[in-house]
Amino acid sequence: MTATVPVSTAPAAPAAAATGRIPLTRLTVVELRKLADTRAGSWLLIVIGLATAATSAVLLGWAADEEQTFSALYSFGLLPSSVLLPVLGILSVTSEWSQRSALATFTLVPARGRVLLAKIAAAILIAIAATAATAVLAAGANVLASALGGDGSWSLDSSLIWQSLLLQVIFVLMGVAFGALLLNSPLAIVIYFALPTVWTILGETIKGLGDAAEWLDLNVTSQALTEPDMTSGEWARLAVSVGVWVGLPLVLGTIRVLRREVS
Amino acid sequence: MISVENLTKAYGAQRAVDDVSFICEPGTVTGFLGPNGAGKSTTMRMICGLTPPTSGRATVAGVPYRRLGNPGRHVGVLLDASAQHAGRTGREVLALAALTMGLDTQRVSARLERVGLGGASAKRRIRAYSLGMRQRLGLAYAMIGDPAVLILDEPANGLDPEGIHWMRGLLRDFADRGGTVLLSSHLLREVEVIADRLVVIGNGRILVEGDKEDLLGAAGTLVRASDPAALEALLQRMGLTGTRTADGSVLVPSDPQTIGPAAAAAGVVLLELRPAGAGGLEEMFLRLTAGTETGAAAR
Numbered sequence: 001m002t003a004t005v006p007v008s009t010a011p012a013a014p015a016a017a018a019t020g021r022i023p024l025t026r027l028t029v030v031e032l033r034k035l036a037d038t039r040a041g042s043w044l045l046i047v048i049g050l051a052t053a054a055t056s057a058v059l060l061g062w063a064a065d066e067e068q069t070f071s072a073l074y075s076f077g078l079l080p081s082s083v084l085l086p087v088l089g090i091l092s093v094t095s096e097w098s099q100r101s102a103l104a105t106f107t108l109v110p111a112r113g114r115v116l117l118a119k120i121a122a123a124i125l126i127a128i129a130a131t132a133a134t135a136v137l138a139a140g141a142n143v144l145a146s147a148l149g150g151d152g153s154w155s156l157d158s159s160l161i162w163q164s165l166l167l168q169v170i171f172v173l174m175g176v177a178f179g180a181l182l183l184n185s186p187l188a189i190v191i192y193f194a195l196p197t198v199w200t201i202l203g204e205t206i207k208g209l210g211d212a213a214e215w216l217d218l219n220v221t222s223q224a225l226t227e228p229d230m231t232s233g234e235w236a237r238l239a240v241s242v243g244v245w246v247g248l249p250l251v252l253g254t255i256r257v258l259r260r261e262v263s
Numbered sequence: 001m002i003s004v005e006n007l008t009k010a011y012g013a014q015r016a017v018d019d020v021s022f023i024c025e026p027g028t029v030t031g032f033l034g035p036n037g038a039g040k041s042t043t044m045r046m047i048c049g050l051t052p053p054t055s056g057r058a059t060v061a062g063v064p065y066r067r068l069g070n071p072g073r074h075v076g077v078l079l080d081a082s083a084q085h086a087g088r089t090g091r092e093v094l095a096l097a098a099l100t101m102g103l104d105t106q107r108v109s110a111r112l113e114r115v116g117l118g119g120a121s122a123k124r125r126i127r128a129y130s131l132g133m134r135q136r137l138g139l140a141y142a143m144i145g146d147p148a149v150l151i152l153d154e155p156a157n158g159l160d161p162e163g164i165h166w167m168r169g170l171l172r173d174f175a176d177r178g179g180t181v182l183l184s185s186h187l188l189r190e191v192e193v194i195a196d197r198l199v200v201i202g203n204g205r206i207l208v209e210g211d212k213e214d215l216l217g218a219a220g221t222l223v224r225a226s227d228p229a230a231l232e233a234l235l236q237r238m239g240l241t242g243t244r245t246a247d248g249s250v251l252v253p254s255d256p257q258t259i260g261p262a263a264a265a266a267g268v269v270l271l272e273l274r275p276a277g278a279g280g281l282e283e284m285f286l287r288l289t290a291g292t293e294t295g296a297a298a299r
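Chain order of the listed sequences is A and B. Using full-length UniProt numbering, the first residue of the first sequence is number 1, and each one after it goes up by one. Using full-length UniProt numbering, the first residue of the second sequence is number 1, and each one after it goes up by one.
If you are wondering where the hints come from, they were derived from the structure by calculation, not from laboratory data. We treat Cβ as the ideally placed atom computed from N, Cα and C, and that holds for glycine. Treat the hints with care, since some could be wrong.
Claimed, not checked - Here chain A is said to cover these stretches of chain B; the calculated rule only asks that three of the stretch's residues, wherever they fall, bring their Cβ under 8 Å from a Cβ of chain A: (1) 45-52; (2) 75-84; (3) 95-105.
Starting from the given sequences, assemble the full structure and let the hints guide the process.
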C-alpha cells in the first residue's frame with residue numbers, strides 16, 4: 001500500500017490574493033490592538049487616562065485662578081502619558097519575548113523587521129492619540145475653569161503644539177528602542193527610567209561631564225521642547241541626544257530582534 | 001508539501017540536527033518521532049524559519065518558509081502551545097491571527113467552538129487555561145487560516161485520552177482532504193494510529209524512515225510455543241535469532257509464512273503466531289533511540 005497518493009484538492013487552496021505580502025497598515029492595526037488587549041496594556045491605558053484627568057482636577061481644585069489656563073492644563077496634562085506611554089512602548093516589544101508570543105508572531109509574519117516597523121508606527125500613533133486626547137480634556141477643563149472663575153485663557157503658542165507632540169513621540173520611541181535592545185520587560189523598564197536619571201546626576205555633579213551633558217542629556221535637551229520658539233542650537237542639541245538615546249538603541253535593538261533565535 | 005534537505009544545525013561543536021532529509025506529501029500524516037532532545041523541535045523551528053540552519057534547506061509548498069507572503073494561509077504551525085501572552089483571552093489570540101492574515105474575525109467563534117473552547121472558555125485569559133486547553137487553542141490557531149500544511153510539535157501533550165482521540169480524528173480528516181501533516185512526538189503510541197509515514201530521529205540524525213505499514217511489516221513476528229526450548233532449537237536451525245519479550249513469546253525477525261510451515265514440519269506446537277506490528281515497532285524504536293537521550297542536545 002502506498003500511503004503517499006497525492007490528492008489534488010487541498011483543504012483550502014488559498015486564493016492568490018491571500019498570498020500577497022501582509023501590508024504594513026494591517027500589521028500596524030494588529031500592533032495597536034495588541035497594545036490594549038492584554039491586562040497589563042489595558043490597565044496602563046486606563047491609568048494614563050485617569051492620571052491625565054487628575055491633572056486637570058488638581059489644577060481646577062488647587063491652582064491659583066490666574067494659572068487656570070488652557071496652556072497650563074495642556075502641558076501639565078501631558079505629564080502622565082509622557083511618563084507611562086514609553087512603558088507601553090517597552091512592553092509592546094519585550095512582552096513578545098517575555099511572554100514568548102514572538103514564536104507565534106514571527107511564524108505568521110517571518111519578516112521581523114516589518115513587525116518592528118509596525119510596532120514603531122503603533123507607538124507613534126498612540127502618542128499622537130494621547131496628545132490629542134489630552135488637548136481635548138484640557139479644553140474641557142478650561143471651559144470649566146472659566147465657568148468657575150478661573151482665568152480660562154486659550155492662548156497657546158502654536159509651536160508648542162508640535163513640540164509637545166514631538167516630545168511624546170520621542171519618549172515613546174525611546175521606550176520601544178530600549179525594549180528592543182533589552183528584550184526583557186522588568187530590565188528594560190528599570191533601565192529606561194534609571195539610566196537617563198543617573199546620567200543627569202553625573203552630568204550635574206562631575207564638572208568635566210557638564211559640557212557633554214548639554215548635548216547628550218535628553219532630560220536637559222528636551223526641556224527646550226516645552227518652551228515656545230526653539231533656537232537652532234537647541235534643535236541641534238536635541239537631535240544629538242535623541243540620536244544617542246533613541247536612534248542608537250533602536251538600531252542595535254533592531255539588529256538583536258532580527259538575529260535572535262526564537263524558541 | 002514539506003521538503004527538508006540535508007538540514008543541519010550546530011551549536012558550537014554540538015550538532016543538534018545533523019543532515020536531516022525527508023519529504024511530507026499531501027494527503028499524508030508524517031509522525032516525527034524521537035526522544036526528548038533528539039532535535040525534533042529544532043528541525044521544526046528551522047522549517048518555519050525561526051532558527052537559521054547551519055546548512056541545508058527546507059521548503060513548504062516549494063518555497064522557503066520566510067518567503068511565503070502570508071504564511072498563515074499556507075501553513076498552520078503549533079510549536080509551543082504555552083507560547084502565547086498569558087494576559088490575552090483565547091478569543092483575542094485567534095482574532096489577532098485572523099486579523100494578521102487578513103481574514104474576517106467572524107470565523108473566530110466557530111473555530112473556538114470546534115476545538116471545544118466555546119462559551120466561557122473563550123473569554124478567559126490564557127493564564128487560566130490548562131495545558132490541554134492551550135493545545136486546543138493552539139490547534140485552532142494553526143488551522144484558522146485554512147492552511148494546506150500543518151506543522152505540530154507534540155500537540156498531544158497535556159490532552160486527555162478523549163482529547164487525543166478527538167485530535168487524531170481532526171488530523172486524519174485534514175489529511176484525507178489532501179492536507180499535509182507533520183507532527184512530532186516522543187511517544188510512538190501517540191502517532192502510530194494516524195501516521196502514514198514515520199521519521200525516527202535520535203541525536204539529531206534520522207535513524208529510520210518510511211511508510212508505517214512497511215516499518216510494521218519489518219518489525220518481525222511474535223511466536224509462542226508450548227515448548228520454548230524446541231522453538232529455540234528450530235530458530236537456531238533456521239539461522240534466526242529470536243528476542244524473548246516480557247510475556248514469554250519470542251520476537252523473530254522473519255514473517256509468519258516462513259515460521260509457520262517450518263514449525264509444523266519440525267513438530268513444534270505453536271500457541272501464537274502473528275506479525276509483531278506496533279509492539280515490534282515500539283521495540284525497534286526503543287532499541288534505535290536507546291542511549292541517545294543521555295547525549296541529547298540541549299534544545
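Going down the list of hints, with the structure as the test:
1. 45-52: holds (count 6)
2. 75-84: Per the Cβ count (6), the hint holds.
3. 95-105: Per the Cβ count (6), the hint holds.
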